Structure formats: C-alpha cells, structure tokens
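Below, each chain spelled out in residue letters.
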Amino acid sequence: MDENIALTETTYYILLSLYNPAHGYGIMRQVEELSGGRVHLAAGTLYGALNTLCEKEWIIQLPYEEGSRKKEYQLTDYGLEILMKEIERLKELVRNGELVLGGIRE
Amino acid sequence: MKERKTEYRWFWVWDFEKEEEWLNEMAASGWVLADVGFCRYTFERCEPGEYTVRLENHAYDETYVDFMRDTGAEPVGRYFQWIYFRKPVEMGRFDLFSDIDSRISHLDRIGKSLAMIGGANLLIGIVNSFGPSHLGWVNLLCATLLMYGLGRIHGEKGKPGERTQTSRIIEVFETGLQDNTAVFFCVCNTFIPPVFIELKGKCDILR
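For the record, the sequence lines run as chains E and Z.
Residue numbers for the first sequence follow our numbering, beginning at 1 and rising by one.
Residue numbers for the second sequence follow our numbering, beginning at 1 and rising by one.
There could be a bad hint or two in this list.
[What the hints assert, rightly or not] In silico DSS-like cross-links for lysine-lysine, where the CA-CA straight-line distance does not exceed 25 Å:
1) E:LYS70 / Z:LYS87
2) E:LYS56 / Z:LYS112
3) E:LYS71 / Z:LYS87
4) Z:LYS18 / Z:LYS157
Don't read these hints as lab results, they were simulated from the structure.
All figures in this text were calculated on a predicted structure; none of them were measured in a lab.
Work out the full structure: start from the sequences and follow the hints.
Here it is in structure tokens:
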C-alpha cells in the first residue's frame with residue numbers, strides 16, 4: 001500500500017543515515033552533514049519518525065549497550081528494500097527531468 | 001546560586017506559541033526559564049540570548065526526555081501535559097518540529113486532550129444540571145471554552161505559510177468533522193442549561 005508512495009525528505013534521510021547503526025543525536029548530525037547543512041531535523045520530529053518507522057519495521061531498535069542509555073537504531077532488510085525502491089524512483093525523476101530539460105542547460 | 005525571579009501569567013492552551021514567544025523574549029533579555037507551575041514561571045539569570053526555550057505537549061516519558069537530553073536540550077519543568085525545554089544557543093539550532101506532518105500531529109495531540117476534557121465537562125455538566133448541585137453550568141461553560149480551543153487549534157493547522165498539499169487535504173477532510181463538532185457543542189451548551197434546570201426539579205436521577 002503506502003510502500004509505493006514517495007518518501008518524505010525526513011524519512012528518506014533517516015533511513016539513509018541508519019544504514020549503519022546510530023542513535024538519535026547521531027542521526028540528526030548525519031542528516032545535516034549528508035545534506036550539506038540544508039536539512040535540519042528537529043528532535044521531536046525525529047523521535048516521532050523513529051517510532052513510526054519501528055512500527056512499520058523499516059528500522060529496528062538495537063538492544064541497549066551496557067552502561068548506555070542511548071537507544072540505537074538500524075535499517076532492516078525490508079527498510080533497505082524500501083530505500084532502494086525510492087532511489088530508483090528518484091533516479092527516474094532525474095532521468096526524465098534531464099531528458100526533457102537537459103538541452104536547456106547546455 | 002543564580003538570581004531568580006517568578007512571574008505569574010495566564011496563557012490559554014491554544015496560545016502555546018505566544019507562551020513560547022514570551023519565554024524566548026525573556027531569555028533574550030537575560031532571564032531563562034528554570035521552573036514552571038500553574039500560571040507560575042520561575043526564571044534565572046542568563047546571558048541575554050544564551051538559550052532557546054521550547055515547549056511541547058507530550059505525555060511525560062523518560063525515554064523521550066533522555067532522547068532530548070542527548071540532543072543538548074535540558075528539560076526545565078513540566079506542567080500537566082506540557083514539557084518545557086531549553087537549549088544553549090551555542091549548541092545549535094533548537095526546534096521541536098521540522099516538518100509539517102509532525103507539526104500537525106502535535107496540534108492533533110493538543111486537540112485530542114481538549115476534546116477529551118471538553119467532552120468530560122459536557123457530560124459532568126449535564127449530570128450536575130440534573131442533580132441538586134447548581135454548578136452544572138460551570139462545567140458547561142468549561143466545555144464551551146474547551147471546544148472553542150479545539151477550533152483554535154484546528155485553525156492553527158491552516159496558517160498561511162504552512163499550507164502544503166498535505167495540510168490542505170487534511171484541512172478539507174477535517175473541516176467537516178471538527179469544526180462542526182465544536183460548533184455543535186457550543187450551540188448545545190448554550191441551550192442545554194435552561195432546559196435541564198427546568199427538568200431538574202422533576203427528576204432526581206443520576207445522583
């Protein structure tokens with residue numbers, strides 16, 4: 001169903017930054033870095049999104065590391081599949097955009 | 001110990017953005033929020049503009065607060081369903097919501113609690129109007145007010161500048177639902193009390 005809907009920028013970047021395990025603040029910093037400072041993820045938004053993505057099983061929460069109170073998350077195989085599909089979709093958009101408008105820039 | 005001062009101020013729940021604005025004006029003038037209570041705001045001295053203050057309607061939950069701490073935000077107090085945070089400006093930008101969906105779901109949370117308390121007041125008001133107590137109208141008044149608040153919160157969603165396609169779809173979908181509910185309750189509350197006061201003498205049920 002909703003797997004075919006385009007991901008929001010927030011979701012896309014969260015999934016991408018969870019290819020390797022990360023905790024909340026780590027995700028925020030990675031997203032900012034990946035997007036060259038353009039995308040700023042607010043803490044409340046991120047917290048809500050992480051819970052939703054866990055429910056959808058696109059990501060999982062890793063067991064607590066000893067002595068740490070930080071929750072870590074990681075992309076699931078299913079989540080990776082969603083991400084790959086989205087990347088294909090985005091490529092198509094870019095391909096078509098350049099196909100039609102490519103000549104203008106040259 | 002830092003110099004402290006306390007101020008008393010009343011904000012309606014639907015004016016939480018104004019409340020936040022005021023708290024940030026205080027922080028900009030060198031007084032940062034240190035504690036909250038019923039209409040009570042305790043401030044402590046800080047460098048002018050040292051902190052950003054944010055407040056959020058969120059069921060208190062340690063995991064969430066820990067999560068916020070991890071991002072550099074410090075919880076300074078909570079009152080009812082509201083948590084107040086502050087974060088030093090030098091630690092970076094501090095916002096609670098960065099997309100329209102989470103902003104809407106925050107407003108929905110506030111709306112839900114307003115609707116719940118409003119509904120409860122309506123019920124208690126009706127029951128009290130039947131019984132020997134003369135205070136039923138108080139609850140009905142509260143219910144009217146809360147329903148008005150619900151309408152205000154709903155209105156926030158349609159604020160110009162934040163109109164995206166998503167919010168517009170939700171708006172269209174909900175206008176039929178929520179606004180009518182609010183109007184319905186307000187109209188009901190206006191007419192119900194006299195009717196029930198009349199009935200009151202005749203039936204002593206529900207008490």
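Against the structure, the hints:
1. E:LYS70 / Z:LYS87: Holds, because 19 Å separates the two Cα atoms, which is no more than 25 Å.
2. E:LYS56 / Z:LYS112: It holds: about 24 Å lies between the C-alpha atoms, which stays within 25 Å.
3. E:LYS71 / Z:LYS87: 21 Å, holds
4. Z:LYS18 / Z:LYS157: 16 Å, holds
The structure shown violates none of the earlier numbered hints.
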